[in-house]
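Asks: Listed below are the residues making up each chain.
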Amino acid sequence: MTPAELVWLIAAVAKGDEAAFERLYVATRAKLFGVVLRILRRQDLAEEVIQEAYVKIWNSAGQFNPSLSSPITWMASIARNRAIDVVRKRTEVSIEEEPAAMEVAADTPDPLARREMTEELKRLLECVGRLEPDRQKLVLLAYYNGWSREQLAAKFETPVNTVKTWLRRSMLDIRECLGL
Amino acid sequence: MMAHSEDDIALAAEYALGTLDADERAQVETMMSRDKDFTAIVAAWEYKLGILNQMVGSIEPPAEVWDKIKTAVGHAEPQPPLLLPDAAPPPPPPPPPPPPAAAAVVEPAAAPADTSNVIRLSAQARRWRRVATFTTAIAAALVAMIAVGVYQPDLLPDAIRPKPRVQVVEVKPPAVPAPSAQYVAVLQKDGGSPAFILTVDAATKNFTVRKVGAAAEPGKSFELWLISDKLPRPRSLGVIGGADFTARPVLSSYDTDTINTATYAVTVEQAGGSPDGNPHSAPVFTGKLIESVPSR
Chain A
1 MTPAELVWLI
11 AAVAKGDEAA
21 FERLYVATRA
31 KLFGVVLRIL
41 RRQDLAEEVI
51 QEAYVKIWNS
61 AGQFNPSLSS
71 PITWMASIAR
81 NRAIDVVRKR
91 TEVSIEEEPA
101 AMEVAADTPD
111 PLARREMTEE
121 LKRLLECVGR
131 LEPDRQKLVL
141 LAYYNGWSRE
151 QLAAKFETPV
161 NTVKTWLRRS
171 MLDIRECLGL
Chain B
1 MMAHSEDDIA
11 LAAEYALGTL
21 DADERAQVET
31 MMSRDKDFTA
41 IVAAWEYKLG
51 ILNQMVGSIE
61 PPAEVWDKIK
71 TAVGHAEPQP
81 PLLLPDAAPP
91 PPPPPPPPPP
101 AAAAVVEPAA
111 APADTSNVIR
121 LSAQARRWRR
131 VATFTTAIAA
141 ALVAMIAVGV
151 YQPDLLPDAI
161 RPKPRVQVVE
171 VKPPAVPAPS
181 AQYVAVLQKD
191 GGSPAFILTV
201 DAATKNFTVR
211 KVGAAAEPGK
221 SFELWLISDK
231 LPRPRSLGVI
241 GGADFTARPV
251 LSSYDTDTIN
261 TATYAVTVEQ
271 AGGSPDGNPH
281 SAPVFTGKLI
291 ESVPSR
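As given, the protein sequences belong to chains A and B, one line each in that order.
Position one of the first sequence corresponds to residue 1 (the working numbering), numbered consecutively onward.
Position one of the second sequence corresponds to residue 1 (the working numbering), numbered consecutively onward.
Chain A with its partners taken away, still in its complex shape (with noise of 0.2 Å):
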């Protein structure tokens, strides 16, 4: 399905018809699971959580705007917001259910992987490129698996505060990098 027909959907949606809702459920429920499984790690966590980005969905439809964003993401952004304030606020998710670090992204990387990257990605990605390599994966742990500053902590074994200024700091210069 192409942003336009997502676009269009949504547009619908705003309006009750829930045939289109149906349609974009369908079209994006996958993506948005992943996307808070990998946060929640849990399956029954994880369909709780889509269920109301759903419902929030249906109910703020009419505010989404396309000049600010792309369909996907405005719905991405939803569902991961739920997933982290359920993790949040559920403190006894417990640090053993870490997953391995994901490694990042400093080097050029090759062609072809590039190819499958959108040009917004691969700036992106090249910002984050810039920093030291610990706060690179600090970034993307923290953007992928949801994981709080103490989480990262302890996978760093570094004080919650020093994480808390690399986040910080990190994040300023990724906004000066893309020029936000």
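One should not assume that every hint holds.
[Stated by the list, open to error] Derived DMTMM-like pairs: lysine to aspartate or glutamate, alpha-carbon spacing no greater than 25 Å straight-line:
| no. | chain 1 | residue 1 | chain 2 | residue 2 |
| --- | --- | --- | --- | --- |
| 1 | B | Lys68 | A | Glu52 |
| 2 | A | Lys15 | B | Asp67 |
| 3 | B | Lys68 | A | Glu18 |
| 4 | A | Lys89 | B | Glu24 |
Hints are computed from structural coordinates only; laboratory data are not their basis.
Following the hints, complete the assembly by docking chain B onto the known chain A.
Replies: Then chain B, alone, in the frame of chain A:
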């Protein structure tokens, strides 16, 4: 946005990144409810970082999730009850396909930290894609298309002034989402570079206008018109070009033949559009629809 300190910007960024604790997240949400500019900063971060989700593999949720969502938003059951007393319960409405058996969380493999690079990231992403039911390439393509402007530039030069093909499209919206025919009109001036790209979905008659060149003079607006020999006068399709992307359903009141054979024209009107429903300038950009994505 100038009113926001670096602290606020970092806070917005960390909210989007997800590293704030529950109290800080609540604080950010309170700030967002009071401050539109701050909300825009958060949204910009969410969008920038959201691009990372292109690399996340898709995983099918179980079918019952959809039933719960429908119930939660109060959708009526679409199946009327059958009169046969002992009939089997009606089949569920067009169901999401069943989930893959016990959709497992796909873990990226551990790798030595020192050799990390984007190649590995991509290689892992490819591996997840193979495991996942849907491919992330779909989402990547979505964002790429938004980024470069809906349709490939190589479509543009040759697509100019094609013989208007009259497509008789049977408008039967499929129950299961299927790609429907997409029509594109390149709106331009005398064969010059395109100013707008109009796309129409044949099944829904929804249209989208992507601004690729022109900017209206200050105090003026571009307005899009449908001109057809079946209609006594041009019909306004609304003001366009205020944003890069305009999407509207207003074509739904026209029949498919009219839509496919019409000329689409852009005029310069006073800010906000023609006050009386008639165009007030000669068309500055015009074009006709051609089929770009055939229906299958």
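Asks: Confirm or reject each hint.
Replies: Results for each hint:
1. B:Lys68 / A:Glu52: 10 Å, holds
2. A:Lys15 / B:Asp67: 21 Å, holds
3. B:Lys68 / A:Glu18: The hint holds at about 14 Å.
4. A:Lys89 / B:Glu24: 12 Å, holds
Of the hints listed earlier, there is not a single one the structure fails to meet.
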